[in-house]
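All chains, please: the whole structure from these sequences, using the hints.
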Amino acid sequence: MLQLFKFKGGVKPDTHKAPSLQQPIGRAPLPPRLIVPLHQSIGGIPNPLVEVGEYVLKGQCIGSADQWLSSAVHAPSSGTVVAVEERVAAHPSGLPTLSVVIETDGRDQWIERSPVDYQRLAPERVREILRDSGVVGLGGAVFPSHAKLAAAKSVAMDELVINGAECEPFMTCDDMLMRERAEEIVRGAGIFRDLLKPKRVLIGIEDNKPEAVAAMSAAVRELEADYAEFEVIAVPTRYPAGGAKQLIRVLTGKEVPASRRSPEMGVQCFNVATAYTAWRAIAHGEPVISRIVTLTGNVDAPRNWEALIGTPIRDFVALGTPQADTNSYLMGGPMMGFELPSLEAPLVKASNCIIAGSKTLFPPALPEMPCIRCGACAQVCPHELAPFEMYWFARARNFGKTQEYKIFDCIECGCCSYVCPSHIPLVQYFRFAKSEIWSREREKNKADAAKARFESRNEREERDKAEKAARLAKAAAAKKAAPVVSESTASAAPAAAAAVDSASEAQAAKQAAIAAAIERARVQREAVQPKNTDALTIAQRKEIEQIEARRAPLQGATSSTDTASQPSPKEEQ
Amino acid sequence: MNFSTPPYLAQNVSVQRVMLQVLAALLPGIAAYVWLLGPAVLVQLVVASACALAAEAAMLRLLGKPLALYLGDGSALVTAWLIALAFPPLAPWWLIVVGVLFAIVIAKHLYGGLGQNPFNPAMIAFAVAIVSFPALMSQWPPVDTNAGFVDQLALIFGLAPRIDAMSGATPLDALKTALKLGEGSVSVAKIVADTSTYGQLAGRGWEWVAAAYLLGGLWLWQRKVISAHAPFAFIGGIALFAGALWLWNPAQFANPLFHLFSGGTMLGAFFIVTDPVSGCTTPKGKLIFGFAAGVLAYLIRVFGGYPDGVAFAVLLLNICVPLIDLYTQPPIFGMKGKP
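Here the protein sequences line up with chains A and B, keeping their order. For the first sequence, the numbering used here gives the first residue as 1, with consecutive numbering after it. For the second sequence, the numbering used here gives the first residue as 574, with consecutive numbering after it.
Since the hints were derived computationally from the structure, they do not count as laboratory data. Hints should not be assumed to be uniformly reliable.
[Said to hold, decoys possible] Calculated lysine-lysine pairs in the BS3-like style (CA-CA distance at most 30 Å, straight line): (1) A:K359 with B:K638; (2) A:K197 with B:K909; (3) A:K401 with A:K468; (4) A:K8 with B:K909; (5) A:K401 with B:K909; (6) B:K909 with A:K153; (7) B:K857 with B:K797; (8) A:K401 with A:K434; (9) B:K857 with A:K8; (10) B:K638 with A:K401; (11) B:K857 with A:K12.
[To be verified] Covered stretches of chain B (in silico footprint by chain A; criterion: 3 or more residues with CB under 8 Å from a CB of chain A, positions within the stretch not fixed): (12) 681-691; (13) 784-793.
No residue lacks a Cβ here, since even glycine has one placed at the ideal position from N, Cα and C.
Right under this line is the structure:
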C-alpha cells in the first residue's frame, strides 16, 4: 500500500453528493439549437471555419486551434449553421463570446471518424490529434491537454496522477464516469502514460466514492498486462483534495509551488474525464462534443447527464425539473463555481456541474464584519498562506505587499471565505488584487514598449543624421580631391568622364541590389504565404475574394509579371 | 445589482458565536468567584456590561457604523467581563466604569473599532486603573471575612466607608510584602504555613477560581476557538522562570505551581494572550508572544512594584506584535526549506 501524505488546511463541507448518484448517466436529448462558443479552453481563440448556411456534420471541426496553446472546437451534432455571432457565455461576467449557432436536423449524423493506433505514431502527432480533437482539462480548468503531455527535458517523469478526487460538494460527474466507464478512463490514462513515460500512474479518488474506487480498481486489474504500473488509491475526503497540487501532494509528497510547473518536479496530473475523452479521440476518432454534467441542487430529478456541448442551459436544467423556489443556477461546485448570469448561455467543456440554488440551499451572504485576525483562514489555507494579511493589503491597495505574501500562490479554493467568522468574501479581494496587479503589469509593459520604440526612433534619427553628415563630408572631400586630380593629369575631361562612369556604375550596382532584394522578398513571401492561407476564417476568405475580384481587371490591364507569378490563395484551395 | 460570489457555502460561524463561546468559557471561573466571595462580582459584571454596551452604542453612532450589526457581536461584552473579573471585586462602581469607558472608547473605537485595536482593551483598562488608582486597585477582600451581599453592594456603590477590614492584598501581593518585610529571614514555606491566606497550591480559594478559568480555557481550546500556542507558551514562560528561581532559592521564591494558580495567570493565559486582534497570528509568533508575556509577567509580579504583571506584560508584547508576525511568517506550500 502506498504511503499517503497530507496537505495542510482544507475544510469539510457537507457533500450533498448522494441525490445525483441515484440514477445512471442519462443521455440528454438533442436540443433544437446548439450554441458552441469558439473559445472554450485556456489559450488562443480558435478561428471559425464555417459560415452561416453551411451544413455541418456531427464532429466536424468548426473552429481550429489558432496556436499551439489552443484547442479545436467541433459541431456537437449535424445541422445547419444559422449564426456565427457573439452570444452570452457561461462566464460570471455575462459578456458575449463568438459562438457558432447550429440548428440541429435531428439526424445526428457523424462525420467520417478515423481512429488511430497511437502507438505507431510519433508523440508529436498524438499531441496534434489531441489538440485537433479538442481535448482539454475537463476538471474545470480547460487547459489544453496536449500542452501538458511533454515531460521536462532534464527531469524524468516519476508519477502521472489521474485525478478522480472530485472534492467539490454536489458534483458527481467524475464519480459516475468512473463507475460506468472505468476501462476507457484507464486506457486514456494509458495514452498519457505512453507520452510522458512516468514510473508510476496513481489514480487518486476521495474515499467517499467506494463504488468508483472499486470500478477503477477492477478495470486496472482486468487490463493488468499493459497497465502494471497503475494504482488506484483512495485518498481522505477533505476539500480541496481534488486540487491538482493537493492531490499531487497527497499521492507523491511533492509540493508544486506557483512558481514551478509540475513536470519540472517529475509529476503531471490529469482529470479522469480528460483521460476518457483522450481515449475516445484517439481510439474512436471522436472529438470532444459532449461531457458528463451533474444536474443537482434544488431540482426534483437530480442526475448526471451526458450532454452535448452547446446545449442551452435553459434546456438542460429543464431535464431536472427545478423547484419553484429556485432563484439561481451555479456552474461548477459551490466552492469555486459561479452564478450563471443567464440561462441562455450554453454548456461548455468546463461545465462539470449545474446546481439549482435556493435561499435554503445557499443562504445569502451575511453582512461583512471587520477582520478580527483570528487566523481561521490561515489554518484552512491548503497553500499555507496568510489570507487575512493579504486581505488587509488588498483592501489598502498595497498590491506589492500582497505579492510579498504570495497572493499568486492562492488557488481561490474558497476555504478561507468558508470559515471566516466575519463573513469576509476573501477570495473576491484576492481576485481583485490579482487583476489589479495584472492590469498594472500590462500598463507597465505597454509603457516600456512605447519607451523602447521612442528610444529606437531617436537612435535611428541620430544615426541617419550622422550618416547624412558623413556622406556630405565625403562628397565635399571628393569635390576637393577632383581639381587636384585634374591638375596633376592636366586633362580634366577624361577624368570627368571617368567620374561620370564610376557614378553610373555605382547606380547600376545599386539598381541590381534593389532588384535582388525585391526578388528575395518575393521568394520569402511565397515561402510563407501558403502557411498563412492554411486556416483562414470565413471573414478573411471573403475579404480575399473581394480583393481578388477588384484586382482582376487591373491585373489584366498591366499584366505585371510579379503579381501574376504569385499564386492566389483561392487557386491554392 | 446582486453580485453573488463563491464560495456559496459557509460554515456556521460568526464573530458573535466566537465571542459568546468566550463568554461561556468564563462562566466556570465566575461561578467559582461567586462561591468564594459572594455575588458582588455579578454586580460588577452587570455594571461593566451595561456601561460597555452603552459606550459601544454611543461610539458606533458617533462613527456612523451600523448599530444592529456591531452591537450584537459580543466583543464589548467580552471586554467588559474581563475588566470586571480583573478588577478587585469590591472596587467602587465608578472605577469599573472608568476602566470600561477607557477600554471601549479609547483603546477600541478611537483606534478603529473591532479588529483594529493594537492593545488589549481590558488590559489597557487595568493598566490605567492601577496607575491612576493604585490604592483602590490593591484592595482585595479576604476570603474568610465573608461580608453579606448588602454590605458588598454598599461598598461598591459608596454607601459605606471603605474600612480596612474589608480589604487586604491578593495572596500574591501578600507574599511579596511578607518576603520584603522579612528581609531574607523568613522563607516562603513559613509564610505560606503561618497565614490562613494560602491553600494547597496558592491563595486559598483563589486557586479554585484559577482552576475554573483553566477549565474554561481548555474547553475553548477543545472547541478550537483558541489555539494552544499562546496560552501554553505563557504558562511555560511563567513556569520556567518561577521554576528556575525556585530551584535556585526555594526560601525566597515561590514554586511554579503557586505562580500558575495565583493572580491573573490563568485568566491571562486563556482569555488575554489569546485575544486574536492584539496578539500574534503566526504559530511561531504566538509561541514567542505567549512565552515573552509569561516571562515579563513573572518578572513584574516578583520584582516590580505592582501586585501582578500580566497587564503590563501583555501590553508590552502587543507593541511587538507586528514585528514578531513579520519575522515568523511560516513558509508556504511548496516553499519549505527554501529561502
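Going back to the hint list, which numbers does this structure go against? 3, 13
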